[in-house]
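Peer 1: Read off the chains here:
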Amino acid sequence: MSKTARQSAVPLSSHGFIGLAADRVRGRGHLRWLVHAVVLLFVLFWFVPILALLLSSLRPQAETAASGWWMALPRPAFTATNYMLAFDQLRVAGSLGTSLAIAIPTTVLVILLSVIGAYALVRMNFAGRTAISLLLVALLVTPPQITLVPLLRLYNLVGLSGTIPGIWLYQVGFTLPFGVFLLRGFIASIPQELFESARLDGASELRIFRSIVLPLSRPIMASLGIMAFLWSWNDLLIPLLFMGGSSLPPPITVNLAGLVAQTTQGQGPLMAATFLSVLVPLVLVLSLQRHFVRGILGGAVKG
Amino acid sequence: MDITGLVPLLIVLGAIGIPFLVYLALGLGEAVLSLCPPGPQRAMRPWLWLLLPLGLVALILIYPVIVTVATSFQDARAESWIGAANYRWAFSGAMLDVIGNNILWLVIFPVVTLVLALIAAVLFDKVSYEPLAMTIVILPTAISFTAGAVIWTQMYSFQPAGSPQLGTFNAVLQVFGLGPVPWLIQPVVNTLALIFVAVWLQIGIAVLILSSAIKNVGTEMIEAARLDGAGEWRIFFSMILPNILPSVLVVLTTMIIAALKVFDIVYVMTNGNFGTDVIANRLYYELFAANNLGHASAIAVILLISALPVALINIIQFRTEVRP
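Going down the list, the protein sequences come from chains Z and F.
In this text, residue positions in the first sequence follow the UniProt record's numbering: the first is 1, and each later residue adds one.
In this text, residue positions in the second sequence follow the UniProt record's numbering: the first is 1, and each later residue adds one.
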């Protein structure tokens with residue numbers, strides 16, 4: 001139980017500390033202002049690149065060629081042309097569609113198979129279960145590069161290269177060690193009595209899984225889901241390698257990487273395409289921040 | 001078939017159809033098991049449940065690792081055995097510069113991320129608008145490395161001295177009367193510039209982990225030290241830091257692995273030109289431009305071996321966590 005308690009002790013979700021505001025920055029006056037100054041500088045520095053992206057995507061071609069993005073602040077002149085060009089000429093709509101067709105099934109399958117695996121590892125007694133857990137922990141840090149040469153050959157052999165299900169297969173298999181690792185602590189903290197009374201009532205293993213494990217693990221499944229979606233949506237290497245030769249529009253990351261190399265369309269449409277590509281993950285993280293934070297904190301191997 | 005019709009179809013197939021089949025397969029397996037006597041039933045059940053997850057991990061991770069290790073001792077077309085020649089190539093000539101860049105990434109990226117994240121975690125803890133500051137710092141962790149690279153290409157943009165600077169950093173330098181810096185072209189400066197893009201993208205993870213650790217350090221102890229007249233520096237170095245060391249280790253190992261794997265930023269921003277190449281990008285080149293499977297495999301094995309110490313640390317920590 002202490003693990004779950006620690007996982008929920010997330011700085012962002014607790015509201016206790018706002019009330020202490022006046023008391024929090026101690027020391028003499030100038031030290032207090034120094035703290036505020038450093039924090040504001042930090043926040044500004046981390047926010048400016050995103051602001052620059054948004055403004056650049058909205059500025060007319062003539063402005064972008066003549067001055068930096070910050071000139072949009074004193075001299076605002078905005079246009080939607082870049083976005084129209086991105087849709088018309090850069091196949092952005094198709095790319096976003098491909099990215100969704102990759103990321104949504106990957107996310108669902110990662111969640112489902114991780115719960116199944118974690119449930120078996122944590123709640124069933126069998127020889128070899130410690131060994132499997134340790135193997136999965138070791139696989140957490142495997143660089144994807146080690147898998148490329150054999151899997152490219154295998155994919156070509158069985159006709160999976162250039163297909164979206166081929167990407168699902170790769171991303172799900174690659175993310176599973178993390179998924180099982182993230183879920184196991186949570187599933188272990190479900191009280192044993194719940195399982196025992198269900199068994200006394202004659203519930204089958206599958207029924208216990210469906211009516212106890214699945215509903216109770218919902219919060220941590222949401223955390224895994226958001227992380228799996230972000231990884232899948234943001235992945236460049238795997239679709240770049242395994243989607244070659246496909247007639248489908250490339251996923252958005254592959255499309256962007258290709259656009260950087262050829263600058264014929266100008267900066268504006270590229271910035272519009274980039275902003276559209278980050279919109280989905282940004283909205284997701286902002287609206288599900290609590291789950292995202294729990295996923296990051298729970299996923300870190302700690303002593 | 002055009003993509004507009006295909007996307008919903010694929011999503012329904014992958015997010016509803018396949019999960020349904022998985023559940024059906026489990027049910028079928030359980031039905032077969034229920035015909036067995038209780039003893040074998042209990043022995044076989046875990047393997048029924050683990051069949052799909054472990055099978056996938058074996059196919060996507062374990063089998064390729066074994067094959068890649070074998071291929072790293074073979075020639076370009078992976079047809080005949082050539083001993084350690086690929087490794088001799090990997091540690092000679094132009095590859096030494098590539099490995100040097102990776103070492104730069106491996107040292108500078110984790111250290112800079114850790115130091116900046118510690119500053120952020122400690123100082124954010126002292127202001128009332130911490131939730132807002134935290135949200136902004138974790139925003140980039142949602143963004144792809146590819147998009148981050150596009151965003152920072154604009155920040156680093158360079159025009160020759162004398163013309164108006166469109167890149168953010170060079171414009172700031174111009175305000176102070178300094179000459180522009182070719183951030184992505186000048187060797188060493190460019191690798192540092194690329195590393196900083198990764199810091200911007202990943203620091204949110206480090207700040208979250210450290211911030212949650214700092215909040216778990218007992219406040220009574222710190223208040224008592226303050227009453228005894230201990231300064232903030234003293235409190236940080238002798239009370240907070242020793243208490244959050246496990247989290248510091250977590251941040252370092254996470255960032256070391258990220259530095260090892262780094263590919264997207266280099267591929268998009270410089271494609272390894274101007275002396276910025278790293279081994280993950282070089283592997284992509286060997287695989288696609290040079291078609292040398294032996295070289296590519298040797299590079300991959302070097303990456304894997306570099307990650308082993310971190311895997312070992314993780315295993316040791318995991319064991320102490322599971323068996324207190």
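Hints are supplied without guarantee of correctness; some may be wrong.
Covered stretches of chain F (chain Z as the covering partner; in silico rule of three or more C-beta atoms under 8 Å from a C-beta of chain Z) [to be verified]:
{"#": "1", "region": "61–67"}
{"#": "2", "region": "138–146"}
{"#": "3", "region": "151–158"}
{"#": "4", "region": "293–301"}
Source of the hints: derived by calculation from the structure; they are not laboratory data.
Please read all numbers here as calculations on a predicted model, not as lab measurements.
Ideal Cβ placement from N, Cα and C applies to all residues, glycine included.
Peer 1: Are the hints correct? Go through all of them and say.
Peer 2: Each hint, compared with the structure:
1. Check on the region 61–67 of chain F: 6 of its residues sit with their Cβ under 8 Å from a Cβ of chain Z, so the three-residue criterion for coverage holds.
2. Coverage of the region 138–146 of chain F by chain Z holds [criterion: at least 3 residues with CB-CB distance below 8 Å; count 9].
3. Requiring three or more residues with a Cβ within less than 8 Å of a Cβ of chain Z, the coverage given for the region 151–158 of chain F holds, as 5 such residues are present.
4. Given a C-beta distance limit of less than 8 Å, the hint that chain Z covers the region 293–301 of chain F holds, as 6 residues qualify and 3 suffice.
Every hint, counting from the list given before, is met by this structure.
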